[in-house]
Amino acid sequence: MSDTISDVTVSLTVNGRRHTVTCEPRKLLTDVLRDDLLLTGTHVGCEHGACGACTVLLDGAAVRSCLLFAAQLDGATLTTVEGMANADGSLNDVQQAMQDNHGLQCGFCTPGVVVSLTAYLRDHPDPTDDEIRIALSGNLCRCTGYQGIVNAARQAAVNPRAKGVAR
Amino acid sequence: MTTTVGRYIGQSVKRREDPRLLTGHGRYVDDVQVPGTLHLAFVRSNVARGTITKLDVSAARDLPGVEAVYTGADLNPDIKQMWATMTGPPIEMGGQTAYPPVSLLAPGDVRYVGDPIAVIIATSRYIAEDAADLVEVEIEAKQAVLGLREAMANPELVHLETESNVSVAMPMPEIPEIEALFASAPHVITRTFRGARATNVPMEPRGLTVHYDRYRGEMEIRAATQSVHEIKAFAARLTGLGESHVRVVADDVGGGFGQKMMVLREEAAVIAAAFKLGTAPVKWIEDRRENLMASNQARSEEGTLTFAVDDDGHILAVKCDFIEEIGAYPPSAGATAMLAIGVFTGPYKIPVLIPGCAAVYTNTVGKSAYRGPWALETFFREQMMDHVAHELGMDPIELRRVNLIGPGDLPYTTATQMVLDHITPTETLDQAVDMIGVTAFRAEQVDAKAHGRLLGLGVAGYVEPSAIAFGVLNSDPAVLTMDASGKVQIRLGTGSHGHSIETTIAQIVATHLGCDIDDVAVIQGDTATSPLGPGTGGSRTAVIAGGAAQTASLILRDKLLTIAAHFLEANPDDLEINNSVVSVKGTPQAAVPFAQLAMTAHMAPDMLPAGMGPGLEVVTRYQPPTPFTWSNATHACIVEVDRETGMVDIKRYVVSEDCGQMINPMVVEGQIAGGVAQGIGGVLFEEMPYDDAGNPLATTFLDYLIPSAPEIPDFEYGHIESMSGALGGYKGMGEGGAIASPPALANAINDALAQIGVPPLTVFPFGPSQIVAAITAAHV
Numbered sequence: 001m002s003d004t005i006s007d008v009t010v011s012l013t014v015n016g017r018r019h020t021v022t023c024e025p026r027k028l029l030t031d032v033l034r035d036d037l038l039l040t041g042t043h044v045g046c047e048h049g050a051c052g053a054c055t056v057l058l059d060g061a062a063v064r065s066c067l068l069f070a071a072q073l074d075g076a077t078l079t080t081v082e083g084m085a086n087a088d089g090s091l092n093d094v095q096q097a098m099q100d101n102h103g104l105q106c107g108f109c110t111p112g113v114v115v116s117l118t119a120y121l122r123d124h125p126d127p128t129d130d131e132i133r134i135a136l137s138g139n140l141c142r143c144t145g146y147q148g149i150v151n152a153a154r155q156a157a158v159n160p161r162a163k164g165v166a167r
Numbered sequence: 168m169t170t171t172v173g174r175y176i177g178q179s180v181k182r183r184e185d186p187r188l189l190t191g192h193g194r195y196v197d198d199v200q201v202p203g204t205l206h207l208a209f210v211r212s213n214v215a216r217g218t219i220t221k222l223d224v225s226a227a228r229d230l231p232g233v234e235a236v237y238t239g240a241d242l243n244p245d246i247k248q249m250w251a252t253m254t255g256p257p258i259e260m261g262g263q264t265a266y267p268p269v270s271l272l273a274p275g276d277v278r279y280v281g282d283p284i285a286v287i288i289a290t291s292r293y294i295a296e297d298a299a300d301l302v303e304v305e306i307e308a309k310q311a312v313l314g315l316r317e318a319m320a321n322p323e324l325v326h327l328e329t330e331s332n333v334s335v336a337m338p339m340p341e342i343p344e345i346e347a348l349f350a351s352a353p354h355v356i357t358r359t360f361r362g363a364r365a366t367n368v369p370m371e372p373r374g375l376t377v378h379y380d381r382y383r384g385e386m387e388i389r390a391a392t393q394s395v396h397e398i399k400a401f402a403a404r405l406t407g408l409g410e411s412h413v414r415v416v417a418d419d420v421g422g423g424f425g426q427k428m429m430v431l432r433e434e435a436a437v438i439a440a441a442f443k444l445g446t447a448p449v450k451w452i453e454d455r456r457e458n459l460m461a462s463n464q465a466r467s468e469e470g471t472l473t474f475a476v477d478d479d480g481h482i483l484a485v486k487c488d489f490i491e492e493i494g495a496y497p498p499s500a501g502a503t504a505m506l507a508i509g510v511f512t513g514p515y516k517i518p519v520l521i522p523g524c525a526a527v528y529t530n531t532v533g534k535s536a537y538r539g540p541w542a543l544e545t546f547f548r549e550q551m552m553d554h555v556a557h558e559l560g561m562d563p564i565e566l567r568r569v570n571l572i573g574p575g576d577l578p579y580t581t582a583t584q585m586v587l588d589h590i591t592p593t594e595t596l597d598q599a600v601d602m603i604g605v606t607a608f609r610a611e612q613v614d615a616k617a618h619g620r621l622l623g624l625g626v627a628g629y630v631e632p633s634a635i636a637f638g639v640l641n642s643d644p645a646v647l648t649m650d651a652s653g654k655v656q657i658r659l660g661t662g663s664h665g666h667s668i669e670t671t672i673a674q675i676v677a678t679h680l681g682c683d684i685d686d687v688a689v690i691q692g693d694t695a696t697s698p699l700g701p702g703t704g705g706s707r708t709a710v711i712a713g714g715a716a717q718t719a720s721l722i723l724r725d726k727l728l729t730i731a732a733h734f735l736e737a738n739p740d741d742l743e744i745n746n747s748v749v750s751v752k753g754t755p756q757a758a759v760p761f762a763q764l765a766m767t768a769h770m771a772p773d774m775l776p777a778g779m780g781p782g783l784e785v786v787t788r789y790q791p792p793t794p795f796t797w798s799n800a801t802h803a804c805i806v807e808v809d810r811e812t813g814m815v816d817i818k819r820y821v822v823s824e825d826c827g828q829m830i831n832p833m834v835v836e837g838q839i840a841g842g843v844a845q846g847i848g849g850v851l852f853e854e855m856p857y858d859d860a861g862n863p864l865a866t867t868f869l870d871y872l873i874p875s876a877p878e879i880p881d882f883e884y885g886h887i888e889s890m891s892g893a894l895g896g897y898k899g900m901g902e903g904g905a906i907a908s909p910p911a912l913a914n915a916i917n918d919a920l921a922q923i924g925v926p927p928l929t930v931f932p933f934g935p936s937q938i939v940a941a942i943t944a945a946h947v
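The listed protein sequences derive, respectively, from chains U and B.
Quick note on numbering: my numbering labels position 54 of the first sequence as 54, and the sequence is numbered without any gaps.
Numbering-wise, my numbering comes out as the position in the second sequence, counting from 1, plus 167.
Think of the hints as simulated: they come from the structure by calculation, not from any bench.
Any given hint might turn out to be false.
[As the list claims (entries may be wrong)] Just some of the chain U residues that point at chain B, by a computed CB distance under 7 Å: (1) Asp36; (2) Gly41; (3) Phe69; (4) Ala71; (5) Gln95; (6) Thr110.
[Claimed, not checked] Reference listing, derived: stretches of chain B covered by chain U, where coverage requires no fewer than 3 residues with Cβ under 8 Å from a Cβ of chain U: (7) 313-326; (8) 416-425; (9) 501-507; (10) 568-576; (11) 654-668; (12) 823-836.
Bear in mind that the values here come from a model prediction, so they are computed numbers and not experimental data.
Don't be surprised by glycine CBs; every beta carbon is placed ideally from N, CA and C.
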């Protein structure tokens, strides 16, 4: 019960800024990001780790923020979709490719796609088509049929070998 | 008068919605956090049918942080009226629509698993859910009423208030002449098809925040909705407030596909609870389990089709008999099949159609709109075409050609008295067949079979009744205002939930006004600023709101030209507009910019032509010339079926479609793609099964499988652009992808399986287990 376990205080570095948050131990990272830090770009699509809308970077690795408690993460460094753009505020390569290729419609799954793809292409600069689709398999989208998202990944991949693949 | 059509219309203009959505700066309903907001959680039934024998909320009420707990006894008596604008008043109020018995929370008995029994309002969602766990509920369970024909015949009732589980029925008439026609037909073929119960699954579940301030007497609602005006009107009727005292806002909305078109029971309960509370904002954000268990569903439908056909494949007459499951509390209890019957003949010349239908209550979650609510007609008809071809020994594509409505047949009046015009079924079939390369495929198929691989080809076509324009849906409004700087704002009654309306409407306005697209702001989704319109759904916005935007732009353009002609001492017919500058054709130095015209109209109206009033504002509506604006398409796909695992690999997927003048081809293809992916899901993966006790068995994304990227192939598009009869030539195309894809894919799978003697599957889903079972059964 909420009044029987004392609150915890955690320090988080999110998008380069230090935050100290006091919350219930059961509070999900997603809810701390959204409610306490007002970073509402991280979306809640299923709360059981299946849809990927809540994906953030934890010490550089893409993770589901709905499957983590903030209390686990004292001292962690996080990047959310709000921290994905270039330093001058312009869209990063993945974000720009998503716009160029109509990789989003309603935009609700988009933050998770942007975070996942940015991390994936950083680590895998020359993916094949099949690898792109498998990399995206943890991000559910109901609007696009994945056409624009896959094309965006092709465009944003660093290695030209993967670019310009006929649709 | 010259025009600048083409500057933006027809171009794949990048979406202005995207930068905010790509960077986490969208504003969805749960993103707006008003201090003092309370959070609501539902207590739901875990029994499909039964009587509540104990309901004790005292422990929940006593939990610190809980502000209120309401049960059906608290909220149900407060209901003033409960009906949807789109479907109109209930029969007892003089309307024509059947509705289920009215309640917000279980009225002493529960009628499906997920049925809301109580609401908790607390300072956080965590506490609200803690309190929900403290509510003591005991239910004396009864055997659930389930199934389609079974529920029709079941003497046990879903609703104590009704005399039967059949909400609406239209029995198939027996007409001696027609019976004689069937008796004498060379071929009479009957098949029964079933859809798989599916649900919309917008990635953003439902949700709303309702603040009723009893001291101001006003209600403010922020909602995930396709139609702010529907919620406003519904909330006013529900509470007895005047509509003008209810304001509804929707900013970004994370998909809907029909699920956010009507006010469903939970949303109504939140409105009623906040109204009763009368103090603080009350927020309810549906979680995914609730969305899968208790947001309305669709596609639990059965159709029995009987086709009378001559030796050449001409369809002589058809009987179609539809049964649809509407669950316990659909937002209205009418028969969607009525519309399906109306458009059943699709792209074919079917001279006689004898229909029947029934809508049946069961102890499951209610039915509501899902992308192409009437699509059962195409699902079943297009599978049936392949069955008929198979019986006649004809190629399924040839059978379609024999019956297609050709260019020379238009306008064509169907057996149900629909007048089809401006459609291109033969052109899209030709294009799809050409793109997929049928001849080459048939050779490849034989070769693959020789190597033990099963390939199949499927085709399906449809004619979509887009842009419904009668009754409350008759028109869409637009208010176009040019400010004193010469830039414009257009306000619409639309409700974008992924449709790119901010971009496409700006394309229309900028093209017809002659200004830069960045000079056009598009405003929607707030009843205080958006003119009264039915929202976005039913593939209507491009045609009807687009027509309104175009009409408004042309009226404003005329006024600007009249003022400019006065200034330039020229004839308006001799003027042209480029980049917000009006000039005399051939004399570009004789010019006046919009900013100067607008400054005059707003600030120096005495300088306007005699008799012209001040300001630059157009208030208009557009009603298309016909009740439906028809669009059409042909889908073709090639699959490989693994005979050991039953897995289906979609090798190619082709869509040839005709949505008239494309405003933005990129957006058109995006709409098609999303619809096709949903259709693929409905055939291969998606099903909401219920067990014998009425328990839903797929309440997580691990059980309810929507397609992910590896399951969806690259799509190939062909476009036939024939102009509609509506302004601008636009046709609606938001639903077509989801309508034709299920039968196209089903036909391809059955074509593959037929090579090893497996009779065609007729019951969705065609998942691996169903396919393996069919192969096994055929080879016992």
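Looking back at the hints listed earlier, which ones does the structure fail to meet?
-> Of the numbered hints, 1, 3, 4, 7, 9, 10 do not hold.
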